[in-house]
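Colleague: Residue strings, one per chain:
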Amino acid sequence: MKKLRALLLVLSLFSLCATAQEEETKGQTPSGEREETSFPSRLLSEFAAPVTTKAKYILGGSLIAAGMVYINKGRRTYNKRESFKSARPFGELGPIGEVLGWGFLNGIYTVGQFYYGHSHNDQESLRASEHMFKASLYTVLSTITLKSFINERRPGYPEDTASFPSGHSSMSFAFASVVASRHGWFYGSLAYGAATFISVSRINDDWHYLHDVIVGMGIGAAYGWSLKYLYDEELPYQIGLIPAKNGGAIQIGMSF
Amino acid sequence: MHKPKKFALGQLLTLFIFLSSPRIQGFELQIDNPNYIPPEFGGFIKMGCVHGTKEIEYEATSAIVDTQIYKSNECQLNINFVPWNRLMIGLDIRYDFDREYHLKFGPLSDRYGEPDYYSSSSGLLDPDIILAYEFRSKKDSWNQQVFFKMNPFDIEEQPKKIFRGGHDIFLEYRFSHQYDEDTMYGRLFSHYFGKKNYFQPGDSRKSVIEPYTEVGLELGYLYRINDKWTLQADGLFALSSDYDVITPELTKTADKGFVIGGRFGVNYKLNRNWVVQLQHIRSSRIYNATNEDRNQQIDYEVEDKINFVGLLYQWDSSSFFKGLFRP
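Chains as they are written, first to last, in the working numbering: chain B, 1 to 256; chain E, 1 to 327.
If you're looking for bench data, these hints aren't it; they were derived computationally from the structure. C-beta: ideal position from N, C-alpha, C; glycine also. Just to be clear, a hint being listed does not mean it is correct.
Calculated lysine to aspartate or glutamate pairs in the DMTMM-like style (CA-CA distance at most 25 Å, straight line) [what the hints assert, rightly or not]:
| id | chain 1 | residue 1 | chain 2 | residue 2 |
| --- | --- | --- | --- | --- |
| 1 | E | K139 | B | D232 |
| 2 | E | K149 | E | D116 |
| 3 | B | K73 | E | E301 |
| 4 | B | K85 | E | D140 |
| 5 | B | K85 | E | E55 |
| 6 | B | K54 | E | D128 |
| 7 | B | K147 | E | D316 |
| 8 | B | K56 | E | D128 |
| 9 | B | K73 | E | E28 |
| 10 | B | K73 | E | D168 |
| 11 | B | K54 | E | D140 |
| 12 | B | K73 | E | D140 |
In silico contact screen, one side only, chain E against chain B (beta carbon under 8 Å); selected entries [unchecked claim]:
| id | residue |
| --- | --- |
| 13 | D242 |
| 14 | I246 |
| 15 | T247 |
| 16 | K256 |
Here's a subset of chain E near chain B, in silico, CB distances under 10 Å, partners left out [to be verified]:
| id | residue |
| --- | --- |
| 17 | E40 |
| 18 | H191 |
| 19 | S207 |
| 20 | L239 |
| 21 | S241 |
| 22 | D255 |
| 23 | V266 |
| 24 | L270 |
| 25 | Q296 |
| 26 | I298 |
| 27 | E303 |
| 28 | N307 |
| 29 | F308 |
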C-alpha cells in the first residue's frame, strides 16, 4: 500500500511536470527563442528533469542496479547494532562520511561560488551557485518524500524507518555531479571519490542497505546532470496526464 | 485523441533511428583494450587457459572453523561478432579439465579431527551469452558501451557450479578515455549471481549458495610502451548484498560484504590481428557474518587468484558481407 502511495505521488508529480513542460513548449516563439516561463512551471520542469532529460539513463541505470540488489534480499537482519570490524571497508572512518554527507560540501560550494560571482561580477560563478543550490534542493525534496512514503528500517538501527533512499548518498552525488559537469573530469573525479566515500561509509556503519545507497546515488547524480542539460537548453520530453470520463491517460512526447 | 498503438510504433521508430544511425564520433578501441568492440562485420576470438585458486576461510575469534580451497584449470573460448552497426553478440565457453576441492576442518568445527576431504572433477561450465552496444559519444576521446552477459543454461550440478552457473546476469556500463597514446578504461557494474545448487563427488548431500549481487566500479589504465607492447593495470571496488551459503556441515549467512580486486596484464601484438595476453588477477571478498555470537570476531573471506594466458585474434569480414548483399 505504501509503495502504491509512492507510485501515485510520483505519477501526480509527473502530471504536474507535464503541464509545466507543455507551458514551456508553448512559450517558444516560431523562431525557436524562448519566452520567459512562469516560476511554478520552471520549478516543475526542473524537478522532473531527471526523467525528462538525458539524465534518465543515470536514474534508470541506478534503478536497475538497485533492483538487481533488492530482488534477492530475502533475509533481513535487524537484530544487531554494528558489523564486524573486518567487514567494514572504512573501519572507524565512517563518522567522517556521516558529517560530510550532511550537505556541507554543497553549502560551501553554493556560498563560495555566490560570493565569488557577486564580488567579481562573474555570471558563470553565479550560475554554478544556482545550479548547486537547485540540485541540492530538489535532491533533498525527492529524498525526503521517498523516505516519508517508504518506511524501510535501517539495518543496524531498526527503530529508525528512514533507510530508503540514502540522503547522504543523494546529496554527495548531487554535489559531485555538479562539480563534474561544471569543472571537468579532474575535479569531478575528486568529487566523485569523496561522494563514494560518504556513500559507502553509510553501509560501513550499518545505516543503510546497498540498494538504499545506489538509489540515493542515482537521484543525486541525475539532478546534478539533468539541471546542467536544462542549462544547456536541451529539448526535453513532454509528459502529460489527460483526464478522461472514466479514468485518465498518460501522454509522452519527445522532441528529436 | 491519443492512440497508444501509434505511440508505441513511434517509440520503436525512434529507437530504430537511434540505433541505426552511424557513429558520428568517438575513438576506435584497439584489440588489447578490455572493452574492445570490433567494427561492423568484424569479430574476435579469445582462446586461453585459466589457472585459478579460490580459498574460502571462515574464522571465529581467530580460530578456523573451516577452509575450502578450489583449484581449477580451465580452457576458455570466447567468440564475438558484430553483425550490425555497433551491436556485438558473443559466446563464452569454458571447459574445466582439472578441478580439485579441498575441505579442512578447524578447531571450532563439529568435524574437527576428521581427515581433510578431497575431491576432483571436470566438465563444461555453463556457457555465457554476450550482448554489447557501443553508442555515440559527443567527444572524440570517449567511448561508451552497455554490456550484458548471462548464462541462461543450467548444465549440471557439480562442484564447479560455485564458479559459474545458476543464471548469473552481468550488466555493465563501460567506458574508455583516450589520453595521448594511453587509454583509461573502466566499468560500472551490477552482477547478479543466481542460486547455485551443487554436489561434491561421492556425496549426495546438496550445498546451496543463495542469490546475491555485487555492484561496483573498476578503473584501469592501458599504457602503450610501443606499437607491440602494452601494459594494463586495473583496480576494482564493489559492494555485495546478502551472501548465504548452506553446506552439509554448516550454514553461513552474511548480510553484506565488499570486494577489492586488481589485475595486471601484459599484451604483445604479434601482428595487426593477433595478440598474446598474460594476466594476473587477484580479488578478496569480505563478508559480514550474521549467524554467530556477537561476542566472537568472525572473519569470513573469499580470496581468488587467477592466472590467464591467451591469444586474441580479430578479423574483418565486411568485404565478404558487403559483397554478399551487393545487387
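Colleague: Any of the earlier hints contradicted here, and which numbers?
Modeller: Violated hints: 2, 4, 6, 7, 8, 9, 12, 14, 15, 17, 19, 23, 24, 27, 28, 29; rest satisfied.
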